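**Q** Start from the sequences, fold in the hints, and give me the full structure.
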Amino acid sequence: MKSIALGQYYPSNSVLHRTDPRIKIILAILYIVCSFLCKNIISFGLLALSAIMLIIIARVPLKTIFGGLRPVLIILIITSLFNIFWTSGDILLFEWKFIHIYLEGLYSAAFMVIRIVSLIIGTSVFLTYTTTPIDLTDAIEDLLSPLKKIRVPVHEFAMMMTIALRFIPTLVEETDKIMTAQKARGVDFSSGSLITRAKALIPILIPLFVSAFNRASELATAMECRCYHGGEGRTRMKVRHIRFVDFIPLVLVLILATALIILNLLRIGFTI
Amino acid sequence: MNPFIKVCGLTYSYDDEAVVKKHAVINNVSFEINEGDFVAVLGHNGSGKSTLAKLLNMILVPDSGEIYVNGKNICDDSMTDEDILEIRKSIGMVFQNPDNQLVATIVEDDVAFGPENLGIPSEEIRARVDNALKDVGMSEFAHHEPHRLSGGQKQRVAIAGIIAMMPRCIIFDESTAMLDPVGRKEVMNSIIRLNKEKGITVIMITHYMEEAARADRIIVMNDGSIILDGVPSYIFENESLLKECGLSVPQCTELVHRLREHGICLDKAGVSIEECADMILKHITEDK
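Protein chains in written order, with the working numbering: chain X, 2 to 273; chain C, 905 to 1192.
It is possible that some hints are incorrect.
[What the hints assert, rightly or not] Each computed PhoX-like pair below joins lysine-lysine, with the alpha-carbon atoms no more than 25 Å apart:
id, chain 1, residue 1, chain 2, residue 2
1, C, Lys958, C, Lys993
2, C, Lys1089, C, Lys1186
3, C, Lys976, X, Lys239
4, X, Lys200, X, Lys184
5, C, Lys993, C, Lys1038
6, C, Lys1038, X, Lys239
[Claimed, not checked] Ranges of calculated distance between the beta carbons of each label pair, as one might list FRET restraints:
id, chain 1, residue 1, chain 2, residue 2, range
7, C, Asn977, X, Ile151, 55 to 63 Å
8, C, Asp987, X, Arg237, 22 to 30 Å
9, X, Arg116, C, Ser1043, 44 to 52 Å
10, X, Ile169, C, Gly940, 25 to 33 Å
11, C, Thr984, X, Val153, 25 to 33 Å
12, C, Lys1089, X, Ala185, 26 to 34 Å
Everything labelled a hint here was simulated from the structure, so no lab data went into it.
All values derive from a computational prediction rather than experimental measurement.
Glycine included, C-beta positions come from ideal geometry on N, C-alpha and C.
**A** So, in structure tokens, the structure goes:
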């Protein structure tokens, strides 16, 4: 249990790992926009290519990437089946009783798969695989800091995130301990109907919540003792400076976006 | 010289709706602590020692009585938020459970938490963090995640987090209670080093006699009052009084007491194993 991974961070030292997390958040947003700009074969081809490039640059093994895609596999299959069988068009490829498959249907299924897969690869490569959760939290705090002027508690949210991340392993360990303790008292977690099993979780949840509240109150006292008084007047030990190289990926993604827009304007290729 | 901490007639009781009659947790307590002292506060569970610690750095506000830190009355109504921060900066506190004191997911970030709150410039925080980690011997773990460390190591990180704020006094609230013997030894050694080498005033709340014996002075509390106050050898002379409070003396001291009861004349009760052994050895050789 001690080896629990926070998020899906994949430790490595690639260019993307070293890029400033603030830039990476912007990159992820831009990439999402890009994936929705795609409208034809060439642009979807570019999108697929860029996703492959990202994986290569980030040096994340394919196994990890496919692991991340597994949860959406069912959705991908079902929606592409819908697209294939229910899209009507001009070019009929296959006909049998009530089943009509048009070329347009195949295209739209393929486009949708490419869009969702590159969306997931893009955001996870930028945000989860190459950025630690704590860097991400700091970056979000930095990016949202202008909102402080309209009294959005940005620092408080970031602090809550940091503490939540810090306590995940502690609470997992605690759950483990409580489960063992309850098993020793004869609680059965693995048999009976779904409802019985759900009920068996109550003796875990209650002690877990009680201890979490106790921890929270102790932590609050400890933080007060360390002079915590909100975000005002706080400094940081690690100040991130955006370097020139950080702009290179930004420029590349912007070029991709411009290319996609131009392709759309020129109506090159198969348009849906 | 003015005492660093001076407490006069301190009384405190918790507001507990379940209890009809207010029971004073701290009852008319007065004492003084000088800068650079190493004081242990002894007492069984519920004797009010932890409450006392929380009163000293303004986590709790006393019902009556006065606390002076560095000559300033901290129970005064005119205390501003900055004054409170100033007090908490000069009196740091380390608690029992190391898990519930660490805020960040990386050791050095956690140590930086205190100085960051104080608004210290980044370069200085860096230097302070490195020094603090060196002081507790945890430099090589600077980039580790706290949840992968042992209890003793976590507690040393927590201590480093306080040292980085450069306090003049650190209160250890049963900081060794949850640790295994190895961890306890590590933490004790760090505490003693801080006191002897850096001259930081240490107030150590504990119920381990062996730990209290290493202090320069012991305050024994029972039911919210101070019943004994003095050097360890004086405290351990009063074995019967300690036993009444649910405390015991260190085993070696007890041995000396028993020997005396049997008519072997040893002049005083020793506090450390070495001291007692020396005394007994001396007695044996003199007899011959």
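**Q** State for each hint whether it applies.
**A** Hint by hint, here is what the structure shows:
| no. | hint | result |
| --- | --- | --- |
| 1 | C:Lys958 x C:Lys993 | holds (14 Å) |
| 2 | C:Lys1089 x C:Lys1186 | violated (29 Å) |
| 3 | C:Lys976 x X:Lys239 | violated (35 Å) |
| 4 | X:Lys200 x X:Lys184 | holds (14 Å) |
| 5 | C:Lys993 x C:Lys1038 | holds (20 Å) |
| 6 | C:Lys1038 x X:Lys239 | holds (19 Å) |
| 7 | C:Asn977 x X:Ile151: 55 to 63 Å | violated (41 Å) |
| 8 | C:Asp987 x X:Arg237: 22 to 30 Å | holds (25 Å) |
| 9 | X:Arg116 x C:Ser1043: 44 to 52 Å | holds (49 Å) |
| 10 | X:Ile169 x C:Gly940: 25 to 33 Å | violated (41 Å) |
| 11 | C:Thr984 x X:Val153: 25 to 33 Å | holds (27 Å) |
| 12 | C:Lys1089 x X:Ala185: 26 to 34 Å | holds (31 Å) |
When the structure is compared with the earlier hints, violations turn up for hints 2, 3, 7 and 10 and for no others.
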